[in-house]
Amino acid sequence: MRIGRSVRRSLAFGLVAAPLVVIGLTHGAIAGDTVPAPGPDASLAEIEACAARNLPDAAGLVEFVVEAADRSGEVTTSRAEIRWRRDDEAHARIVLRVSEPAETAGTALLVIDRESGEPEFHLRLPALSRVKRVRSRRLRGPVLGTDFSYEDLDRLREPMDRADLRLLGPGEIEGRAVWRLETRPSPEDGSEYARVLTHVDQVHCLPLRIDLFATEDRLRKRLRASLDELRDVGSARLPARFEMEDLERGSRTRVRIERFETRPDLPAEQFTRQALLDAVAR
Amino acid sequence: MLPADDPSRRFYEELLARFGSDDRVVVSFRSDSLFTPEGVATLVRATRAVEGIPGVRSVEGLANAIRMRAIDGDVEIEGYLETLPSTRGEAEALRRALLVDPLRAGSFVSREGGATALLVTFERMPEQAFLESSLDLAVLEAARQAAPDMHVVLAGTPHVKAEVGRILAAELVRMVPVVFVLMGGLSCFFFRSLRIGLIPVAAVALGLVWTVGAMGWLGHDLNIVTTLIPPLVLVLGFAYATHVVASDRAHASAEEGLARVVFPVVFTAATTAAGFLSLLGNGLEVIRGFGLFAALATGATLVAALTLVPLLLVTVRRDGTSTPGAALERRFAHLAELDLRHARAILLGTASLAVLAGAAATRIEVNLPVIENFGPESRIRQAYAEVDRLYGGANQFFVMLQAEERGAFEQPAALREVAALQTWLEAQPEIGGTTSVVQYLEVLNEALGPEETPTRRIPDRADLVAQLLLFGANEELDVLLDRAHRVITILVRSTATETRQFDALARRIDARLAELPAGLRGHTTGNAILLTRAADRIARGQALSLLAAVGMIGLLLVAYFRSLRLGLLALVPNLLPVLFYFGLLGATGITLNNSTALMGSIVLGIAVDDTLHLLVEYRRGLAAHGDPAAAIREALPHVGRAITCTTVAVCAGLLVVGGSALRNQAEFGLLGAATLAIAWLVDVTVTPAMCVTWLRGARP
Chain V
1 MRIGRSVRRS LAFGLVAAPL VVIGLTHGAI AGDTVPAPGP DASLAEIEAC AARNLPDAAG
61 LVEFVVEAAD RSGEVTTSRA EIRWRRDDEA HARIVLRVSE PAETAGTALL VIDRESGEPE
121 FHLRLPALSR VKRVRSRRLR GPVLGTDFSY EDLDRLREPM DRADLRLLGP GEIEGRAVWR
181 LETRPSPEDG SEYARVLTHV DQVHCLPLRI DLFATEDRLR KRLRASLDEL RDVGSARLPA
241 RFEMEDLERG SRTRVRIERF ETRPDLPAEQ FTRQALLDAV AR
Chain W
1 MLPADDPSRR FYEELLARFG SDDRVVVSFR SDSLFTPEGV ATLVRATRAV EGIPGVRSVE
61 GLANAIRMRA IDGDVEIEGY LETLPSTRGE AEALRRALLV DPLRAGSFVS REGGATALLV
121 TFERMPEQAF LESSLDLAVL EAARQAAPDM HVVLAGTPHV KAEVGRILAA ELVRMVPVVF
181 VLMGGLSCFF FRSLRIGLIP VAAVALGLVW TVGAMGWLGH DLNIVTTLIP PLVLVLGFAY
241 ATHVVASDRA HASAEEGLAR VVFPVVFTAA TTAAGFLSLL GNGLEVIRGF GLFAALATGA
301 TLVAALTLVP LLLVTVRRDG TSTPGAALER RFAHLAELDL RHARAILLGT ASLAVLAGAA
361 ATRIEVNLPV IENFGPESRI RQAYAEVDRL YGGANQFFVM LQAEERGAFE QPAALREVAA
421 LQTWLEAQPE IGGTTSVVQY LEVLNEALGP EETPTRRIPD RADLVAQLLL FGANEELDVL
481 LDRAHRVITI LVRSTATETR QFDALARRID ARLAELPAGL RGHTTGNAIL LTRAADRIAR
541 GQALSLLAAV GMIGLLLVAY FRSLRLGLLA LVPNLLPVLF YFGLLGATGI TLNNSTALMG
601 SIVLGIAVDD TLHLLVEYRR GLAAHGDPAA AIREALPHVG RAITCTTVAV CAGLLVVGGS
661 ALRNQAEFGL LGAATLAIAW LVDVTVTPAM CVTWLRGARP
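Protein sequences, first through last, are from chains V and W.
Using our numbering, read the first sequence as starting at 1 and increasing by one per residue.
Using our numbering, read the second sequence as starting at 1 and increasing by one per residue.
Rather than coming from a laboratory, the hints here were simulated on the basis of the structure.
In this text the structure is predicted, and so the values were computed from the model without any measurement.
Where a beta carbon is used, it is the ideal one built from N, C-alpha and C, also for glycine.
Among these hints, one or two may not hold up.
To be verified - Among the chain W residues that face chain V by a calculated CB cut under 10 Å, a handful are:
id	residue
1	L16
2	P54
3	E76
4	E78
5	E82
6	E329
7	E410
8	A413
9	A462
Said to hold, decoys possible - Here are some of the chain V residues that sit facing chain W, going by a computed Cβ distance under 10 Å:
id	residue
10	A102
11	A127
12	T146
13	S149
14	L227
Claimed, not checked - Some residues of chain W that are not near chain V, with every Cβ distance over 12 Å (derived):
id	residue
15	H151
16	A169
17	R330
18	E426
19	R483
20	A674
Just chain V, with the same shape it has in the complex:
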């Protein structure tokens, strides 16, 4: 799924931010201490393999809290749950359900990956008692009133899956050894960024920091993951806290993972439009 291209200022979906972030970071999770990470002089292929070995399980759920602070420091807090499942063709289905605050509780979004690369979206707004399909070829702009754009989420989902990914070499961030990886979106991509610099932790193979540049040297956003506290689920591991800072808007969004479970038994029926309609009926 490729989402988030070209247009910087747009109305957008507010609901898919968190699941994609979580899944994105989980995507890079590594199998704890059981699988040794490649050394500091690892090649790009070795780093990609390190991340690829640690895909999350086919189904699971995550509960998390989002704190979005605007430029004046005013913080809004929301709580949500994501359930995901991969079908037989390895296409993802994701359901996000907001549980707090009360006025938005029950808002839900179903995202169904399609072979075409254009995912299908179904939205449930409890105040309307109905489910609507959202037609859009591209998702853009900030999501969930947060500082993540759909392009950011797309990058997070597949941080190592870029044709133009380039290994710049080892480095150090906040005392931790990292590999520095760079992508430079071509003008045809319509990206809001000219350069993306990803710092991958050499111990956990997790993205520790991602710098998103609006121009060659103008930093627009910075994503930081805290590796001091990790959530382990089976062989997967992900940071419990991460933060996106938008230097242009002067705002920041903190995400805190409160629960992370792999649940291979999650039934496929939960990931359908009918399931959202049934929730309306209830």
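Start from chain V and add chain W according to the hints.
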């Protein structure tokens, strides 16, 4: 420019803190072929070109605009230009769709559909940095290059400020040499000597270098007020130096000439500097800065007049030069006789004129012309007229509404208040359109709403509003709604351009905001509102400082005459030119602003200078002869050359400024010249008449 505790500044700071920079310009593209496949492609190209300019924070426009609508039970969210139109029919359909979108019609797209605009927001940066980078011109140039076949114009407060800065800088470079040459030439004529005539000019140049150097050394940039210090130095410095030169020419020895003039020159400078220093108590930092550097400038020109000038004069004396003829002195002797014969008539006539001037002065309005500052045919004036016509107003400001509770603007009742306020705002003649979160919600509600036949209206449930905003939160809403939904802004597009128009409009809006229900507070704010408040306070501050200076001069005159009565009487000829000046302002309809208010101080400085020299010579004559008439017969010819030379030269310099492309600069020059001529007339007629009528006992 406003102090930190000023309410207007506080609201503006809060606006910036919550919603970011409001330094925006409008780039308008007009073309008959705008809504054709080629025209739309050109527009996208222009948008990307402007977005790529360093210093541009964001660009809103058709190329980035999103359309939300209900289709067959689904909701479609797509960029208007997700797919560029490939036929004329598609382009025309795009135009029609835009004209019925309340978020786009009248803001991005002109109401008749023949033009579209980019709203360009700049990074927040110091005005000087903006000026040096010419970001506004870079935007205009990029847009024109990308759309060579379209009519492209630029409007907006940042552009106006930058344009004023560029014109002032260019005129400074062009006019200063002309003024120096002119004043030097006239000085040479009055003193019948090239070398002597250039001495006052040299003193002015030295005073200017010292003053501007001190400002630079102390890291003080020239601003809208301190930019008036160079002409102040020019006027005062020339007057002080000319008196020293004239006294030297009138006496046999250099020592005698200098000794004779030191007291009045120092006394004048001290009173003028004291007047400026009284500004240090002003609440505005720019006015305090002006007071400090104006006092410094007065001191610098005094030192130059009392050091450099005598030194140069000694050189001239050593080389031997001719002295000016006595023709002018003879004319002043005749004038003195005239004054003595018609003293009462002169005083009576002056009193009548003073009453008329006082009456006219009551009609003065405080106003800083912003767009009207440029000539009617200027590019910027025409651009504003076009943007006003197409989009309902080139100037933007905000009405900021604050509630006490988080989520307050999720309540339909609060949103209906906002809608009612917008309706009221749009009924004001100076307002062409408004935008708020209400329009976004109406569009979202229509696209997702519960009705089988969608209608555009405010949702009737708070939870639905919250859910729509969760779904529809975007960067366009960044300037309209905070994340806690407790503070919103209404973006107002206005055709008002002068600060008095903004002031009147803001007062009406404030009165309407006072009617908001309990729990809601509202304020007008934005760059244009701040400029209005600052201009108003600067002008009033300078006018008040004039009163302070008058008080200071009165005290010093009382001390000088050692008599309250004589001191106050001596104050009258100093005040008359100032009164006539304000009478001229009222009679001509020229408004009080930072430039015209400063001219009051300059007029007072010059009036004091000329009057003091005459009074000092008069008292000296009175002590020598004991007869007021004889004292005047001696004093007027003695100082006549200096005050005439000063007046003619300074008037000539100000007339050059009168040729400025900026209206308030031109008014500053022309009014200044007229008033200094009046001040001269007062000094050579009214002051002698007063001396022989009311100051007969002013013997030292």
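Hints and how they fare:
1. L16: holds, 9 Å
2. P54: This interface hint holds because 7 Å falls under the 10 Å limit.
3. E76: With a minimum Cβ separation of about 4 Å from chain V (threshold 10 Å), the hint on E76/W holds.
4. E78: At 6 Å from the nearest chain V Cβ, E78/W passes the 10 Å test, so the hint holds.
5. E82: holds, 6 Å
6. E329: Because about 71 Å separates E329/W from the closest Cβ in chain V, which is outside the 10 Å limit, the hint is violated.
7. E410: holds, 7 Å
8. A413: It is violated, given that the least Cβ distance between A413/W and chain V is near 15 Å, above 10 Å.
9. A462: holds, 6 Å
10. A102: holds, 8 Å
11. A127: holds, 4 Å
12. T146: holds, 8 Å
13. S149: For S149/V, the interface hint holds, since the closest Cβ of chain W sits about 9 Å away, which is under 10 Å.
14. L227: With a closest approach of 28 Å, the L227/V hint is violated.
15. H151: holds, 25 Å
16. A169: Answer for A169/W: holds, closest chain V Cβ roughly 29 Å.
17. R330: It holds; R330/W is separated from chain V by about 74 Å at its closest Cβ, greater than 12 Å.
18. E426: holds, 24 Å
19. R483: violated, 4 Å
20. A674: holds, 51 Å
In summary, the structure is inconsistent with hints 6, 8, 14, 19 from the numbered list given earlier, while agreeing with the others.
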